Amino acid sequence: MSAYLAKRLGIAAVTLVLASLVVFSVLEIVPGDPARLMLGMNASDAQVEQLRDQMGLNAPLIVRYLDWIGGLLTLDFGRSYTYSVPVIDLVAERIAVSLPLALVALTLSTAIAIPVGLYSASRRGEAGDAVAMGAAQLGVAIPNFWFALMLVYLFAVWLRWVPAGGFPGWSAGMWPALKSLLLPAVALALPQAAILARVTRSALIEVLNEDYIRTARAKGMPYRAVLWRHALRNALIPVVTIMGLQFAFLLAGTIIIENVFYLPGLGRLVFQAITQRDLVVVESVVMLLVATVIAVNLIVDLTYAIVDPRLRSRS
Amino acid sequence: MTVPAQLPDDGVAKWIGKAFANRSFLVGFLITLTVAVVALVSFLWTPYDVTRLIIADKTQAPSLTHWFGTDHFGRDILSMIMVGARNSIAVALVAVGIGMGIGVPLGMFAAARGGLVDEALMRLNDLVFAFPALLSAIMITAIFGPGAVNAIIAIGIFNIPVFARVGRAGALSIWPREYILAARAAGKGKAQITVEHILPNIANQLLVQGTIQFALGILAEAGLSYLGLGAQPPMPSWGRMLFDAQTRMVIAPWMALVPGMAIVITVLGLNLLGDGIADILDPKSRRRR
Amino acid sequence: MSLLEIENLTLSIGEAPILKGVELSVTPGEVMGLVGESGSGKSMTALTVMRLLPHLSRMAGRVTFDGIDILAASEDQMCALRGDDIGMVFQEPMTALNPVKTIGEQVAEGIRWHTRASRAEAEERARAILDRVGLPESKFPLSRYPHELSGGQRQRVVIAIACALKPKLLIADEPTTALDVVLQAQVLDLLRDLVAENHMGLLLISHDLAVVTEMADRITILRHGEVMEAGDTARVLSEQVHPYTRQLAQASVHVPARARADPPRKDEGPSAVPLLRVENLSRHYPGRRLSLFRRGEPTNAVDGVSFSMMPGQSVALVGRSGCGKSTLARMVLALDRPSSGEIRFRGDALTGKSEADLKPARRDMQVVFQDPYGSFDPRQKVERLVAEPLHVLETAPTRAERREMVAHALHEVGLAASDMDKYPHEFSGGQRQRLSIARAIITRPKLVVADEPVSALDVSIRAQILDLFAELNGKLGVAYLFITHDLTVARAITDEVMVMHEGRIVERGKTGEVLDHPQSDAAQELVAAAPDLHRAIARRLQEQG
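Chains as they are written, first to last, in this note's numbering: chain Z, 1 to 315; chain B, 1001 to 1289; chain V, 2001 to 2545.
You may find that some hints are simply not true.
[Claimed, not checked] If you anchor each label on the Cβ, the simulated ranges turn out as follows: (1) A2416/V x V1195/B: 37 to 45 Å; (2) P2298/V x I1265/B: 55 to 63 Å; (3) V157/Z x I1055/B: 21 to 29 Å.
These are computed hints drawn from the structure, not numbers from a lab.
None of the values given here were measured: they were computed from a predicted structure.
Note that beta-carbon positions come from the ideal geometry of N, C-alpha and C, so glycine has one too.
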């Protein structure tokens, strides 16, 4: 294993441990006794104390932290106070909504942005470039939840092509489920696509000014061929970086978008859990999301090494 | 434009001339200026009082008396947009200030010290970046209670690593320059070099990043107040207005349209301004976030 | 018949006129040298032939290559010519190759594009041409990436790309400017052989009159986009009819008149305290980390160097790039810490001192860098920039005193006192180097370390700056440590030369003696490779009888 990969893996592991400490300690200082919340105001102090013991809330901090980590590692996330079901079941059910949504949105955004960026860079300064970048400039400025509202108004209220919100569940069939994810995915994807298209274009244009592009053109290759064969791969590093960041944005974006469309996803789960002080759910889901972001960053780092031989150090 | 024959410092005059010849800058500057003026005017005057609820006037379509219509409590939407503007600007501006004020010194410090200090600070940055900003903002506001101040803190915290990164990258690109070596050969210490040479030379990049984060701050504030975690009623905010509009979209679409357009225009203006500044200061590199 | 014929070529980019009626021709098998100072339009002439000019370029006149009207050719026609019939080699080998593609891919790419050869076939041909340019398969397989090669090796790859299809015309734009003299000689030899083998025409562009004289059959001298003189190399340079030709030739071999001729005074003898004494100095860099538990071999940038300098002495430190001379200079300036060894400045040890304790030494020790553009903070005015070293004075001067000192320093380097209110970008390259020198002498130092102070300058400016160095040496008695790879500079301005090779000083002696009769292998190699205008002209005349 090369030094680069070893370092990246190490960093990811350290970040993950630090993140778990942050999540754990933030939720320690949250006001409100979960036991009291579960039992309601009428419970006696003795009852509350008993429940605290049961829940392990009276154990020393370090023990509780290690218990929690151990649980996470064995997929035992504890029980939700409010839903009274194992958190893992809740999470599994919600991931089935959020993950497809994020993936569809990311795919959609990439599928739009890369070709637009390539098109704009190859026609730099022409009318097509101006129109595409004008649209992108606008897209970057649009808040995704407002865009979602407008989409609902247009396609659900006015044209009645798709449902305005809610999720029938995957049991209702592939198509109805996908159909209800369509508008949310578009709402998430388009503003992100606008950012990505701009990054793709400017990364390409920057690369096109490099000396080696001139070398390639001096070989007799036409501009477009040089763009594809030499510029694109070198421009990938900033593009992949932004895609990694966008995945984190998309995860967070689902919180709002799922609220707009009343989708039973992870974002809505964590939002409701926070307002209901269902801390077991909050810490599990937040940790899950953070771990996902760290994993995606690691994938981005690995992609760098694939794209750029200088990072694959060899003897 | 005409330039007076003699100016005390032709550098500034040239810069201004160049700035207003740049279309992005001009449009962005005018939009930003307008939004700022509207926000300031709202302190002195609004067409209607936004705290008075007149149920009889509820959900009126735009008309001459209410240019942008009224909401479900009969409040004038134009007035609410004006007051909301100052909330958006204040939150985003202070959040940028927090990010710059803490992030930039940290980043420059990391670049100047290098080694373990740098490594540790950058790992800390990675850690903050691992938390999706909006998720953490929700956690923070949920823990400390919703409100404009907590929204500022939440957004501000996530500006810190952004500015730390820009400050560090900028400083690292300046440190190997020969004029820094010359300053070191003149016996200047790292702190003095950072203040005298590094900071003025990365100010441009910071300014551009500042406008970007300002725009993102406005979007984030709208998101938080849409979720009910930003400014609390009766203080109007653009995000909250969108939340109220959502269930009434069929009967009063303008309630959703107007605040949304306000956000889009403001953010667009700031982004254009940032692009324009970047263009003018360095036409060769149009770096985007 | 001419292979390339340029007639009355005019070029402008945007509003700026670049070329005004340029005439030039290259016949098959001939080397045409195109010489000019920066901004003369020589690179733009080459890019016009390739039709790779920046946007907004407007051309007029006539460029004919092998019967084809280049200015009227379509982009498709140009693509067919480029890389096949016309090859081009660029100046900067470090950035001319795509970092994410192997050298094999990059050489084979053009072959496949033009000949529609199969991958295997193209790779076979790529192997052959790389072998020809001195990168044999056994040591440099096709799967190597550019970052695994040195600058000289990369330039060979670029030449291989340009010559892969045996073009009729090869254009080389400052192909050796970024290389040290030894590599330069090797690459020039390679180009000369390739031209002879394939009967190519070569358009060699250079700012270096000596290089062009050694290489070119005919020469064209360009200035401000206009041809000053053109013709047979030997004749043009031996007769030097045109005043600009004469000016260039004289500037290239300029030796400043030096006032002082008294080397370290004899009466002080060996007991006198040397200004600078370096003892057994080393600087090691840890090897690159290869994996979690393995590091590469540490490199010894400077390896057990000892020498001393007397007050007022001017010493050159010469060597190939990467020999450790800049690292040594930085340690002398206390900008880098030695791994071991000792530096004494006027008898006081510099090593291991804190920044505060270094102040007195810093006052007497200043620096001039190579790059006249990078050595000034673009956001400060000249007054602050030149006054920067005053920071080390014990008592800070008042504002008026400071302005007075800056004005005096500017005057000494031939600039006006009113220049102190300008920004550095308002000065030309040569003027900036004067500013650099003003900054270096403002504290009246005893030692100035100059790291390649004239290598980024045009020859005529270089001559003026060398004069200035010589004048200040005589007037102020300041000692110089001149770091350079250019032996003409060393010859022009120094009393003694130290030759550095792979971190060690391998030879030291009087400048004339070392350069005329080098003893060590490293010094002999340097001297043999260094282009020399007089020698080149003599050889040309001799060849022609």
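Structure-based check of all given hints:
1. A2416/V x V1195/B: 37 to 45 Å: Hint violated: Cβ distance 30 Å, outside 37 to 45 Å.
2. P2298/V x I1265/B: 55 to 63 Å: holds (60 Å)
3. V157/Z x I1055/B: 21 to 29 Å: Since V157/Z and I1055/B have Cβ atoms about 25 Å apart, the given range 21 to 29 Å holds.
The structure shown violates just one earlier hint, number 1.
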